[in-house]
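Visitor: Heads up: the sequence lines are chains A and B, in that order. Quick note on the working numbering: the first sequence kicks off at 274 and runs consecutively. Quick note on the working numbering: the second sequence kicks off at 17 and runs consecutively.
No lab work stands behind these hints, which were simulated from the structure alone. The reader is advised that the hints may include incorrect statements.
Claimed, not checked - Short derived list, chain B residues pointing at chain A, Cβ under 7 Å:
1. R136
2. R139
3. T152
4. N160
5. A163
6. G221
7. T222
8. T227
9. S230
10. S234
11. Y235
12. A249
To be verified - Cross-link-like lysine-lysine pairs, in silico, DSSO-like; alpha carbons within 27 Å at most:
13. A/K473 to A/K314
14. B/K131 to A/K329
15. B/K131 to A/K493
16. B/K164 to B/K94
17. A/K493 to B/K112
18. B/K164 to A/K329
19. B/K164 to B/K131
20. A/K314 to B/K131
21. B/K151 to B/K131
22. B/K94 to A/K314
23. B/K164 to B/K112
24. A/K494 to B/K151
25. A/K493 to B/K164
26. B/K213 to B/K164
27. B/K94 to A/K329
28. B/K115 to A/K494
29. A/K473 to A/K406
30. A/K493 to B/K115
31. A/K493 to B/K151
Glycine is no exception: its CB is placed at the ideal position from the N, C-alpha and C atoms.
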Amino acid sequence: MRARVRSLRPAWVLASLLALHVAGCATPPPASDPDALADFKQTNDPLEPTNRVFYKINDVLDRFLLRPAAIAYRDVVPEPVRTGVHNVLGNLGTPVQLGNDMLEGKPRRAGDTTMRFVINTTFGVLGIFDVAKGWGYPDHDADFGMTLASWGVHPGPFLYLPVLGPTDPRDVFGFGVDVVADPWFWVGKGAVVSDLGYAKWGLSALDARSRLLGSLSAIKKTALDPYATFRSLYRQHRRSQIEEMENDNRATIPVWYPQPKPAQ
Amino acid sequence: MTIGPQSPSGIRNPNLPNETAAAETARTDTTPPETITRPHMLHRRSLLSLATGAALAAGLEPARADSTTQSATAFVTKTGSALVAVVNGAGSAQDKRQKLTSIIDQTVDVDGVAKFCLGRFWRQASPDQQQRYIKTFHQVLVSNITAKLGEYQGVRFNVNRAVPNGEQVQVDTTVLRPNQPPTDVQWVIGSPSSDPKIVDVVAEGTSLRLTQRSDYASYLSHNSDNINALIAAMQHQVEANQANG
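Isolated chain B (complex conformation) (with noise of 0.2 Å):
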């Protein structure tokens, strides 16, 4: 994020809290930027004053939000790379499963991302099947990342640009597997400045965490709400993928 001395959420709104700045310039924003004062119908010499207050009110937001973007961005392209050398490294199935367990373990915020999968389940559930709910679910996490990453040989990413979204930051990404078309996949960190979390990951628009959401959610409907029976199936589910190899 860039606010620039010219740029037109600069001259508007000098002294807005970063935050409300933040969600202006984020690209989900539907507020059109067309209520800013055309620059040439101001008199340039006005246009240069203001221009400059607003450039020096807002001179150190940016400078916060910046570091927050920046490190954020230095985050996914830590844990990207660290993903990527272990797929695209040597290695048994065992052994790669084995580090990125530990990759997941040390990025991605996986209690956060198991509750909301569960949705309103989670409250309803015994603090023994949550407790079994979270430790498989880390299971599931690992064999479907392997699953998606494993077949894959040749790996590689760029890092586009962070966009600060609230307290989070979205970390736009290329992937770019050999024979397949490249494919944007966003990263949703949270806490990105103090401790930077995996929170979400959005491949083509699809929300990884949303996604897996439904899927429990229609099982569960469809197994008369027994969190055990989720439970069970997701457990079952590891299983059979790693005996898949």
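This is chain A alone, in the form it adopts within the complex (with noise of 0.2 Å):
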């Protein structure tokens, strides 16, 4: 059952993709108008039309569907066990997030994702607590996109995708890659195992979603074009992402070693 979903995931993905295409693309305004030229060279956004309808739609699923959902779980599941899910979740995505965090080149993040998946895994009673957190292993994002993007891949232009959301060709390559390196997503088969896998998926939707009740409708109420305040929202905080990640130049040095000082 569960190999069938999986097998039509990418077809639905590349299908949808085909659609963007032969659907309508946004016309550039014309050369004698520099400034406009440059916003929409800059805007990046050459499916725009097809992306709003994109956008709609999922507006419509959320109304109906996610939004009301994820504000039952925020109301019925008291809040230690909602941030349990969410840790255990995070602990799930470990092995990920360990082999991205070292396709980034990044050994102490790497060191600090282990680290985070040993303690949890046991002191934190199968990720339920983080515990590690508040022993100096703090958790980080990392996943394929943002490997791409430290290995120089431009993200490419906009992308408004059903369910997924605010994207662009290369998180949406990496989303992908994220979903395939999984191990989870190799682990057995039978009804047991297909029930937990989308039990994990119907509680990162909600989980993601609770997390974001205030300040998605805060944003539907003070933005006049909500798409393209998504938009910015999405470039900004995936460039935001990858720049804390770039940054993150923590010396592998051993304790027994003369230490440099941390730069400031």
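The task is to assemble the complex, starting from two chains supplied on their own in separate frames and drawing on the hints.
Guide: As structure tokens, then:
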């Protein structure tokens, strides 16, 4: 059952990408208006009309499905349990995170991730409690989109995809790699495993959406053009994640070796 | 920012002007600090004298940078406490909005932010449009901040560190709201020592004024660059938010 869904998912992404190409593209402003042309290039959203259609579809899905579910989740499930769920999901993601830390060439981050996995799986009772954070191993973001960025891959034009939401070609590809690279993707078969798989996807969606309840409604309330606002926010957020990763140049020097002073 | 006797940047450039030193320590700087001479490659005595010289030469400059970052930190602490007091305090929505307005008037460089958000259209706007735009922007700012802060009770915040960046100082804070993950919020403070004003607020790496600017730019490009239409939409938005409380 789950295997079929798995094989369907990439096909679906492909199909939507094809649809993007067939459907309308934004017309660039004439060369006689250099300011507008510069804006157009900077926005780098040639598929804007199509993207806006998907934005509307996602917005409806969110309004009638995801958001109500997230509100129910927030209101019914007590806060400590939600935090525990969030931590367990994060802990399940550490193998992929570790792989990306290493591919990004960030040994200290890889060390943090390993220690987090070891500590939180044991002392943190299968990842329910984030003990490692208090012990000096804070969490950080790592995914294959960021890894590609660290290799110099540009994000490309903006994309807004069904279900996935705001993204770009680099991050869509990265998302696919992360899904396939996840050991849980390959673990066993059978009803229990596939049910657990669905539960993980569903909980991840609820967890992520419930943590954004306040900010998303505030953005929709305060933006004149929510689509453009999300586009800007997505890019800024990715850039800051990547910048933070690239600036994390903590030295890996054994404790017994003379330590250089950390650059402030 | 500290340039101590053993600090690599102190050894490397005792004579650099303060601005360069500040830029070097700023987080956005990408120059790898690996060009420094490794301490263990020098004789201990020469290292010592170098370090002392560096400390003496740099002695006055960090003091000035420290006072700048300190005044920026103090400003953010004061402003943040005032905001938190209003948000957490009792009083009607009307009451809170009034208090927030006065805080914003005193602490935000509203005109500067407004101009930034209009981007290239500022130059195209007539003086009358500019005036109406700034007035409306002011209302939008208050209404947006009320919308963002209003829902929360029990907000707390920690001031972490301050980093000078050119003429401005970035002050890092962590905002803690009940039932929400902690949020990293960076305040960009202009002219910190003379007349500190908030120039930008960066939440989780997303700049408020940059986001606002792209929102307006997109609205204008879909409304044939009509600034009057933008002002009308802004006014409409303020009214809608006020109607919702």
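Visitor: Hints broken by the structure, by number, lowest first?
Guide: Violated hints: 2, 3, 13, 14, 22, 27; rest satisfied.
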